[in-house]
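Protein chains in written order, with our numbering: chain A, 1 to 488; chain B, 1 to 488.
By construction, these hints were calculated from the structure, which means they are not laboratory data.
Note that this is a predicted model, so its numbers are computed, not measured.
Take these hints with a grain of salt, some might be off.
What the hints assert, rightly or not - Negatives, chain B to chain A, calculated, CB over 12 angstroms:
1. Ser2
2. Asp58
3. Glu68
4. Arg112
5. Ile254
6. Gln275
7. Glu298
8. Arg359
Said to hold, decoys possible - List time: in silico DMTMM-like cross-link candidates among lysine to aspartate or glutamate, alpha-carbon distance up to 20 angstroms:
9. B/Lys244 <-> A/Glu58
10. A/Lys302 <-> A/Glu106
11. B/Lys96 <-> B/Glu356
12. B/Lys382 <-> A/Glu58
13. A/Lys352 <-> A/Glu314
14. A/Lys134 <-> B/Asp340
15. B/Lys379 <-> A/Asp101
16. A/Lys59 <-> A/Asp194
To be verified - In silico contact screen, one side only, chain A against chain B (beta carbon under 10 angstroms); selected entries:
17. Cys43
18. Lys59
19. Tyr86
20. Lys93
21. Asn94
22. Ser98
23. Ser150
24. Phe154
25. Tyr282
26. Phe283
27. Gly385
Glycine included, each C-beta is placed from N, C-alpha and C at the ideal position.
What follows is the residue order along each chain.
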Amino acid sequence: MSLTEDMYETTVGLEIHVELATDSKMFCGCEVSFAGEPNSRTCPICLGFPGTLPVPNEKAVEYTMRIGLALNCHIAEHSLFHRKNYFYPDMPKNYQISQYDSPLCERGHVDISGDFGSTRVGITRVHLEEDTGKSVHMGGTGRIADSEYSLEDFNRAGTPLVEIVSEPDIHSADEARIFVAELRALLESLGVSDVRMEEGSLRVDANVSVRRRGETQHGAKVEVKNMNSIRSVGRALEYEERRQRDALDAGEALVQETRHFDEKTGTTSSLRTKEFAFDYRYFPEPDLVPVAPSRELVQQLKESLPELPAARRERFASEYGLGSADIEVLTASTKTADWFEAAAAVYGGDPKKVVNWIIADLYGLLNEAGFELHETSFTPAQLAGLISMIDAGKISGKQAKLVLTGMFESGDDPEKVAADKGLEQVSDAVAIEAAVDEVIAENADAADKVRGGQMNTIGFLVGQVMKKTRGQANPGMVNELLRQKLSS
Amino acid sequence: MSDEIVWASATELARRLEAGEISSREITEALIARTEEVDPKLHAYLQRTDDRALVAADAADTRHAAGERLSAFDGVPLAYKDIFVTRGVTTTCGSKILENFVPPYDATVVARCEAAGLPMLGKLNMDEFAMGSSTENSAFGPTRNPWDLDTVPGGSSGGSVAAVASGAVPWAWGTDTGGSIRQPAALCGLVGVKPTYGLVSRYGMIAFASSLDQAGPITRSVEDAAALLNLAAGGDEMDSTCLKEPVPDLLEGIDAGIDGMRIGIVREFQREGSQPGVRARVDESLTRLEKLGATLEEVSLPSFEHGISAYYLIAPAECSSNLARYDGVRYGRRAAGAEDIVSMTSRTREEGFGDEVKRRIMLGTYALSAGYYDAYYGKAQKVRTLIARDLERAYQQVDLIVCPTSPTTAFRLGERTDDPLAMYLSDVFTVPVNLAGNAAISVPCGLSDDDGLPVGLQIIGRSLDEKTMFRAAYAFEQDLGFGERPQL
Numbered sequence: 001m002s003l004t005e006d007m008y009e010t011t012v013g014l015e016i017h018v019e020l021a022t023d024s025k026m027f028c029g030c031e032v033s034f035a036g037e038p039n040s041r042t043c044p045i046c047l048g049f050p051g052t053l054p055v056p057n058e059k060a061v062e063y064t065m066r067i068g069l070a071l072n073c074h075i076a077e078h079s080l081f082h083r084k085n086y087f088y089p090d091m092p093k094n095y096q097i098s099q100y101d102s103p104l105c106e107r108g109h110v111d112i113s114g115d116f117g118s119t120r121v122g123i124t125r126v127h128l129e130e131d132t133g134k135s136v137h138m139g140g141t142g143r144i145a146d147s148e149y150s151l152e153d154f155n156r157a158g159t160p161l162v163e164i165v166s167e168p169d170i171h172s173a174d175e176a177r178i179f180v181a182e183l184r185a186l187l188e189s190l191g192v193s194d195v196r197m198e199e200g201s202l203r204v205d206a207n208v209s210v211r212r213r214g215e216t217q218h219g220a221k222v223e224v225k226n227m228n229s230i231r232s233v234g235r236a237l238e239y240e241e242r243r244q245r246d247a248l249d250a251g252e253a254l255v256q257e258t259r260h261f262d263e264k265t266g267t268t269s270s271l272r273t274k275e276f277a278f279d280y281r282y283f284p285e286p287d288l289v290p291v292a293p294s295r296e297l298v299q300q301l302k303e304s305l306p307e308l309p310a311a312r313r314e315r316f317a318s319e320y321g322l323g324s325a326d327i328e329v330l331t332a333s334t335k336t337a338d339w340f341e342a343a344a345a346v347y348g349g350d351p352k353k354v355v356n357w358i359i360a361d362l363y364g365l366l367n368e369a370g371f372e373l374h375e376t377s378f379t380p381a382q383l384a385g386l387i388s389m390i391d392a393g394k395i396s397g398k399q400a401k402l403v404l405t406g407m408f409e410s411g412d413d414p415e416k417v418a419a420d421k422g423l424e425q426v427s428d429a430v431a432i433e434a435a436v437d438e439v440i441a442e443n444a445d446a447a448d449k450v451r452g453g454q455m456n457t458i459g460f461l462v463g464q465v466m467k468k469t470r471g472q473a474n475p476g477m478v479n480e481l482l483r484q485k486l487s488s
Numbered sequence: 001m002s003d004e005i006v007w008a009s010a011t012e013l014a015r016r017l018e019a020g021e022i023s024s025r026e027i028t029e030a031l032i033a034r035t036e037e038v039d040p041k042l043h044a045y046l047q048r049t050d051d052r053a054l055v056a057a058d059a060a061d062t063r064h065a066a067g068e069r070l071s072a073f074d075g076v077p078l079a080y081k082d083i084f085v086t087r088g089v090t091t092t093c094g095s096k097i098l099e100n101f102v103p104p105y106d107a108t109v110v111a112r113c114e115a116a117g118l119p120m121l122g123k124l125n126m127d128e129f130a131m132g133s134s135t136e137n138s139a140f141g142p143t144r145n146p147w148d149l150d151t152v153p154g155g156s157s158g159g160s161v162a163a164v165a166s167g168a169v170p171w172a173w174g175t176d177t178g179g180s181i182r183q184p185a186a187l188c189g190l191v192g193v194k195p196t197y198g199l200v201s202r203y204g205m206i207a208f209a210s211s212l213d214q215a216g217p218i219t220r221s222v223e224d225a226a227a228l229l230n231l232a233a234g235g236d237e238m239d240s241t242c243l244k245e246p247v248p249d250l251l252e253g254i255d256a257g258i259d260g261m262r263i264g265i266v267r268e269f270q271r272e273g274s275q276p277g278v279r280a281r282v283d284e285s286l287t288r289l290e291k292l293g294a295t296l297e298e299v300s301l302p303s304f305e306h307g308i309s310a311y312y313l314i315a316p317a318e319c320s321s322n323l324a325r326y327d328g329v330r331y332g333r334r335a336a337g338a339e340d341i342v343s344m345t346s347r348t349r350e351e352g353f354g355d356e357v358k359r360r361i362m363l364g365t366y367a368l369s370a371g372y373y374d375a376y377y378g379k380a381q382k383v384r385t386l387i388a389r390d391l392e393r394a395y396q397q398v399d400l401i402v403c404p405t406s407p408t409t410a411f412r413l414g415e416r417t418d419d420p421l422a423m424y425l426s427d428v429f430t431v432p433v434n435l436a437g438n439a440a441i442s443v444p445c446g447l448s449d450d451d452g453l454p455v456g457l458q459i460i461g462r463s464l465d466e467k468t469m470f471r472a473a474y475a476f477e478q479d480l481g482f483g484e485r486p487q488l
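Chain A extracted, bound-state conformation (with noise of 0.2 angstroms):
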């Protein structure tokens, strides 16, 4: 680390927003779906039509203290609903229904590890909302500024959302991605949404500041938006920091704005300074009446949680040897690792097989198809399969891969795909038998040779055994059996 480097601290505060997958939308019964033609999910109440009226979706509300919970908050005894009124065309009622000064989770913490060690993050709250429509601008670049009139798609307007915001605890870029990407599985592993970044049910915004250390001042506060991947956080990260540290180097004052992360240049650029904090006039929603999660519910969705990432990880270490790298790359997801455990429980035999199909040659293919694991119709137990025939000697580590790729393709059962492709390694003596027999007949010379004691040669006998049954015998037997023929 450079001097110039050691001389500042940056502090990066995330807010970040999750879709939930309920059935239906937070205050009426329409259906939350990714796709769908425009307005075709919408009624009077998302619509905000005159004398409709907001009835919570009760599972949202389960769900945001099961992520609450997750994230070790403390859950409110009396949490209210607010309006935050603003006027856009994307928000039907221009007011959102929001919480503000009694969210139903607060005060939590995640931890997280990486190249940096580890450092704990605090989570200031957890609250509820609902989500707005989608504004598409026509007749020019597809922004706002050069387009002749917007078209507004109020399906996703409704959508329950949940807010989580960090405390200022994160200090890199480094830390802010692997935060992310730890929440990401988090929540993934609750359930509760798709947490799919590049569809938008998982949103991303930063607060960066860089200042010199020492400093009891805070920097000038600069939000990033539209960081689209865990990767984007990352970078656009990278560049505001860097972007920051050159400026106080060069001693320029930095404004407290808000940027826009551009995914082609990997840089931000600025959209509009923040003078002032906007004045949403917040007050109670009187169309809602308080929500009072009992003491029991809480204990109940507590012990009811599923395995978390972390607990997680700590078991595939200590009941499958994995190791952290295999293990990062498993849990990342945790269909995938759930995928991974069906496999190894059909197996029974050493998990690190099966990690390395899955890593080293499934993966392969998977990101070449564009696939998720369990998107494919690939089952763990044919992978189990698949190692098994190896194991038996049926078909050689070789032939398995080709065996891979085809039941990738196809979906069959390994033991049909290595048929189909006349992949079956032949073990069986008398067919064998019968080809070293003709190839030593064949061959009388190179015979007369290892019955000589030239052994080397026997190598190019199995060759020929090899070629003879399409290189299906097993060379093991092949071998063994042209020894016990030509031993004199």
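On the provided structure of chain A, position chain B as indicated by the hints.
Frame of chain A; chain B shown alone:
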């Protein structure tokens, strides 16, 4: 014959229908004829749905012929204040901004009455978005008081009371946020009820001030009011603020009399500058109640003095948010030729809203704004709590509280339109009841000696104790025998 129909109570009409003495069609035709006769002078109706009513009446008659009834009032027509959303029938809320709005759904109150077989005669005039005490704020012209066409019928449910008071319809639905059922009922010699907040569903009732609005019946008899309320009251899953407790039959025991009932007279109201003619009738009414067996005692409600101030902060605050949805994006009026969303929304609201609505939106926005929230909205909510507590304490001593409904009789059209504050003071006796959420009824207690115009007596009950309130109102009504009608 038609005169008998026009002035018969709904209960009487139901009895005659049941006895086969009359048909629903005859009733409906007679009311339509009466409306033709009087409405050109009154302008109570914004929209008449005669054809639809006749179809419904015929359907009721068909059912009756087959010995079936959807309810005890199957076939008795009614009309709705134009604040209740009616599927397929334009609903304006008295505003240009909803001039051509045709809702795709029914308010719960409407749905329940339709399910009970009550034919709808039309939608009734009102102050725009229920803001007003005279119906002069309607965007479509004022309604006149049948008792004196140069005076106001009161507001905001002016159309409802004018129609019922003139015999054009036996009963109608209004809404009451600060007195908008009770005050016009008093000014037109009718019975008007504001039920306990939460007794009747607000789903489909266009929101003005969510924590204050309540739907209620406007009738010519106490019995009819209890009967209409019976049809609609009770839990609704579409409204989180609607109480789930089962509602008792409000007619049951209505004639049990008031012997031994303790009635409170508000000390702080004795100082109010009510019109002498109003004061005289109210004082006589108190004597009458004593004669009927009630005991009178003084109660002190010191925070009632601040009722108007608190109301005119809370109601505008909530309305500023509730009316934000009218922006021309999804329904209703949209200003033509705007270049961007800001100008489209501003011009739509500038053109579509009347002065009083704009005044309250601005007041409300201010009361909620940063730096002022605590001093205004926050403080008003505290006053509200004090008002509720004063009432609770009073109800430990007494069963009901009685006072004038309105400090004056009907004032002249145009008399207060230049002085909003003078207009607001019409609500001094009614507003505290909305703030506390209690039930209250206004019953006619005679005509004023000053001007021969009706005077209303307000009876305020404990929350969810409508039955006691109805019992007292019924006993009073039966003893007084108020039989005067406007001479149209």
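- Task: Starting from the hint list further up, note which numbers the structure goes against and sort them upward.
- Result: 12, 18, 22, 27
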